[in-house]
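Student: In the numbering used here, the protein residues as written are 205 to 359.
Don't take each hint at face value.
Quick list of simulated restraints, FRET-style, between CB atoms [stated by the list, open to error]:
hint : residue 1 : residue 2 : range
1    : Ala322    : Trp221    : 33 to 41 Å
2    : His249    : Gly281    : 32 to 40 Å
3    : Val256    : Trp287    : 19 to 27 Å
4    : Phe251    : Lys326    : 37 to 45 Å
5    : Glu316    : Trp221    : 29 to 37 Å
6    : Gly323    : His216    : 30 to 38 Å
7    : Trp222    : Arg347    : 19 to 27 Å
Read the hints as simulated data drawn from the structure, not as lab findings.
Small disclaimer: the values here were computed from a predicted structure and weren't measured.
Quick reminder that beta carbons are idealized off the backbone N, C-alpha and C, glycines included.
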Amino acid sequence: MARRSLTPAALHRAITWWPPYLFSGIRVLHIADDWSSARVRLRLHRFNRNYVGTHFGGSLFSMSDPFWMLLVMNRLGRDYLVWDRAAEIEFVSPGKGDVFADFKLTEHRLEEIRELTAGGDKALVWFENDVVADDGTVVARVRKQLYVRRKRDSR
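All chains, please: the whole structure from these sequences, using the hints.
Tutor: Next comes the structure, spelled out in structure tokens:
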């Protein structure tokens with residue numbers, strides 16, 4: 205695995221001070237040293253409540269937005285192009301307290317992507333994660349589609 209310029213610890217520090225997260229109640233709790241997983245928390249406060257007092261849907265989506273791309277691009281390394289292509293969110297139940305999103309990228313999934321892109325073809329790959337409350341109740345389901353392709357000079 206080729207490393208990118210930021211380590212997981214450096215990205216964790218940078219994203220903590222990134223304005224869209226800093227002022228929204230979103231906090232990255234963990235990024236694994238090998239880029240295999242991440243955990244994010246969103247606290248409910250007056251800046252991210254909607255009209256009925258629950259988590260604003262945009263904040264629920266935002267807490268999930270960058271992580272699949274970051275994990276995949278850093279696990280695959282510099283020989284691959286990785287872009288967000290599409291996203292979906294399904295609101296399942298009202299979020300009224302802290303909510304969490306866990307992202308786990310398996311080696312099996314990476315091998316699948318490598319096989320799909322081995323000949324230089326693009327792969328459009330879907331990833332899913334739930335946003336859950338403290339008690340395990342699913343608040344939202346998020347799906348992200350990534351565009352992945354080996355760079356031309358790496359084939």
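Student: Determine which of the earlier numbered hints do not hold for this structure and return their numbers in increasing order.
Tutor: Hint check: 3 fails alone, others pass.
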